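Student: Protein chains in written order, with the working numbering: chain A, 1262 to 1491; chain B, 28 to 208.
Do not take every clue at face value.
Stated by the list, open to error - Pairs of lysine to any residue residues, derived as SDA-like cross-links and limited to a Cα-Cα distance of at most 20 Å, are as follows:
(1) A:K1430 / A:I1326
(2) B:K33 / A:K1308
(3) A:K1308 / B:L173
(4) B:K208 / A:K1316
(5) A:K1316 / B:K33
Claimed, not checked - Covered, in the sense of this in silico footprint (three residues per stretch, anywhere, with C-beta under 8 Å from a C-beta of chain A), are these stretches of chain B:
(6) 162 to 168
(7) 194 to 208
Source of the hints: derived by calculation from the structure; they are not laboratory data.
All of these numbers come straight from a predicted model, not from anything done at the bench.
Every residue gets a Cβ at the ideal spot worked out from N, C-alpha and C, and that includes glycine.
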Amino acid sequence: MKTLFFDTGPIISLTTNNLLWLLPKLKEAFNGEFAITDGVKFELVQKPLETKKFKFEALQVQGMIEQRVLDVITSPAIRQKAAYLQNLANRIYVIRRQPMQILQQGECETLAAALLSNVPVIVCDERITRTLLEAPHQLQELYERRLHEKVEVNDQALHEFTKAVKGIKVIRSVELVLIAYEKGFLDQFLVKVPNVRRELLESLLWGVKLHGAAISEDEIAELVKMELKR
Amino acid sequence: MDARIKEDILAVLKSTVDALKSNNFTVINELSNHTIHDASIYQDEDSVSTAILVYAIGKIVQRCTETQCPVPPVSALLERARDALTRDKDGLFHAAFSEAFDLISKHDAHLKMYIDEVLNKARVKKGSKLYEHGISVARIADMLGLSQWELYSYLGKTTMSEGEVTTSATKRLQLARELFK
């Protein structure tokens, strides 16, 4: 059975937009398993339950886990691979002879799990992880721009990291809601207002953006236009 | 403590004490960002807690100025922290910081909810600055003791979460369509 791994951000984005109910339908369309790692579950459920905010949201995610919509997967192999990836990622950029610690174990566990599974795709809303995977030199530019310092790249660590994550692709909560839209899961919201399809698409995309998904205004406009043309 | 971090914290503490003399909360709020630069690079607790403490002081001074309540007498503790840091007494520096956090937390029972909120907001705001500097959400949440729920909710309301376009939206959607066909 194929398995798609989720990072923390997309589940947060779906929950805070009252769209978590889409997950079982998307899972059915995927025809495989949806999974998170132990570290991601900790961030999604245990941690908010210890604070005043987001307790209700945490309970909703726990519900998805209990209904087996989301599997929680952990294994020594995932943890070991994650530690290896984290060690590499956190040695790539060097400022003032200091390697920058940019990724945490949780993010690396999602990557590791995807590498060890049969679906080389992760669902991730976070721009740092995504940029590190897709365009690592853009991160160097970002650090130099933001920190006003010369940033060295440890070529060996970058090469090894790039080789280790080769083939991994990223989709975001943005793409998940568009798939849900295309499959008609959101048709109940096609109410009687002018240009309702445009309104629905914009409401969905702006919703996920405003809850942290890495998408620009231009991308939203492009995606809305593309969907309306279909 | 790294010499550069120490130098920056000392400078921020001095300027904060100066600004407190005239309750200049605008300057204090700006000062809170100065140690974020170090916090992004070294990810040390001292730069992070300096940023949070100074931000919280700025917000409380602002509130006290607007509502005419007394400003917590935090300057003496900041001076103590400075003195300890100058003499490389890191333990005493941390103790003075801890007392300063305590003092503003317990300053006024009526303000308690507000101050709790300010301290939490200070973490989220400084977290967003770290994100702007290119640290991942998970790493920041860990550094500041925040939940990722809080960070994502705040970041979404800024343009920081956008990032650079590394793969076209069309290509990414095509990939998703293939997964869900």
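Student: Next, verify each hint and record whether it holds.
Tutor: Each hint, compared with the structure:
1. A:K1430 / A:I1326: violated (24 Å)
2. B:K33 / A:K1308: violated (32 Å)
3. A:K1308 / B:L173: Given pair K1308 (chain A), L173 (chain B) holds - Cα atoms ~9 Å apart, limit 20 Å.
4. B:K208 / A:K1316: violated (35 Å)
5. A:K1316 / B:K33: Status violated; Cα separation ~38 Å.
6. 162 to 168: Result for this restraint: holds, n = 6.
7. 194 to 208: Result for this restraint: holds, n = 10.
Violation of the numbered hints given earlier is confined to hints 1, 2, 4 and 5; the remaining hints are satisfied by the structure.
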